[in-house]
Amino acid sequence: QLGPALDAALMKLYSYCLTNDVPIMAHCSNSQTSFSGSGERASPKYWLRLFEQSDPTSGMSLRNLRVNLGHFGSIWCQQYADAETTNPDDETERCHVAYQWPSTIVEAIAAKDGDSPRFPHLYFDLGDLGTITESTNSADWLRDFINGKPEDQRQAIMSHMIYGTDWMFLVLFGKTHVNYINSIQNFIADQPGASENIFHQNAARFLGLTKHGATAKRLRAFYADDPDRLQKFESLIV
Numbered sequence: 003q004l005g006p007a008l009d010a011a012l013m014k015l016y017s018y019c020l021t022n023d024v025p026i027m028a029h030c031s032n033s034q035t036s037f038s039g040s041g042e043r044a045s046p047k048y049w050l051r052l053f054e055q056s057d058p059t060s061g062m063s064l065r066n067l068r069v070n071l072g073h074f075g076s077i078w079c080q081q082y083a084d085a086e087t088t089n090p091d092d093e094t095e096r097c098h099v100a101y102q103w104p105s106t107i108v109e110a111i112a113a114k115d116g117d118s119p120r121f122p123h124l125y126f127d128l129g130d131l132g133t134i135t136e137s138t139n140s141a142d143w144l145r146d147f148i149n150g151k152p153e154d155q156r157q158a159i160m161s162h163m164i165y166g167t168d169w170m171f172l173v174l175f176g177k178t179h180v181n182y183i184n185s186i187q188n189f190i191a192d193q194p195g196a197s198e199n200i201f202h203q204n205a206a207r208f209l210g211l212t213k214h215g216a217t218a219k220r221l222r223a224f225y226a227d228d229p230d231r232l233q234k235f236e237s238l239i240v
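Quick note: the sequence shown uses the numbering used here, first residue 3, plus one each step.
Please note that the accuracy of each hint is not assured.
[Claimed, not checked] Derived DSS-like pairs (lysine-lysine); straight-line CA-CA distance at most 25 Å:
1. Lys177 / Lys151
2. Lys14 / Lys219
3. Lys234 / Lys219
4. Lys47 / Lys114
5. Lys213 / Lys177
6. Lys177 / Lys219
7. Lys47 / Lys213
Just so you know, these hints were derived from the structure itself, not from any lab.
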């Protein structure tokens with residue numbers, strides 16, 4: 003049967019990524035679907051279900067997988083909270099389904115086992131958030147979403163949020179790519195230290211670009227005979 007075969011193949015992938023500390027980037031929004039309802043497969047709840055399992059080969063917990071959930075679980079859906087829908091295929095209906103996905107991600111990131119994060123390498127990005135460029139008020143719902151969270155969750159957001167654009171889709175659907183980076187910078191301007199985190203350090207930690215990170219070790223070996231590139235690479239390490 004196809005389902006069990008897919009599960010087995012994916013578990014081999016997860017096992018490889020876990021053993022070698024390889025980062026995984028996943029689509030996490032109710033969008034870009036092939037048929038009605040298929041976008042719900044991108045729900046973060048399925049990743050959390052996976053994290054509760056163990057690698058059948060090594061016995062290691064999958065909670066340590068390094069995963070970036072793209073699009074912050076359809077974070078733009080916060081602006082559709084009070085909108086009505088009559089068409090199950092339209093954006094508003096998709097957003098009603100995904101409305102809680104960003105909160106699910108944040109709560110998972112902030113969750114602790116004692117003093118340690120429950121899912122230490124779970125991140126998310128702001129890719130395809132074109133509405134943030136449309137007006138001064140367009141970021142209010144995102145700011146309200148973050149400021150409405152408890153302090154531990156706000157801290158988790160700022161230490162796991164990664165800048166992203168999905169620029170190709172922004173270009174296709176209008177001029178929302180214009181001033182995109184400035185809009186993100188303005189959005190986080192009142193958050194101390196957020197700029198360095200979101201535009202550099204969070205991504206570096208997710209990718210394993212830390213002093214003793216596995217990704218860093220692999221890239222050092224790859225650039226060993228290219229001192230100039232090696233120096234540029236080392237400047238990205240956190």
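Each hint, compared with the structure:
For the proposed pair Lys177 and Lys151, the alpha carbon gap of about 31 Å is over 25 Å, so the pair is violated. Only pairs whose Cα atoms come within 25 Å are accepted, and Lys14 paired with Lys219 is accepted, the gap being roughly 23 Å. Of the pairs offered as hints, the one joining Lys234 and Lys219 holds, with about 15 Å between alpha carbons and a cut-off of 25 Å not exceeded. Restraint check for Lys47 and Lys114: the C-alpha separation of about 17 Å stays at or below 25 Å, so the hint holds.
For the hint pairing Lys213 with Lys177, the CA-to-CA distance comes to about 39 Å; that exceeds 25 Å, so the pair is violated. Proposed proximity of Lys177 and Lys219 is contradicted: the alpha carbons are some 40 Å apart, above 25 Å. For a cut-off of 25 Å, the pair hint linking Lys47 to Lys213 is broken: about 32 Å separates their Cα positions.
Violation of the numbered hints given earlier is confined to hints 1, 5, 6, 7; the remaining hints are satisfied by the structure.
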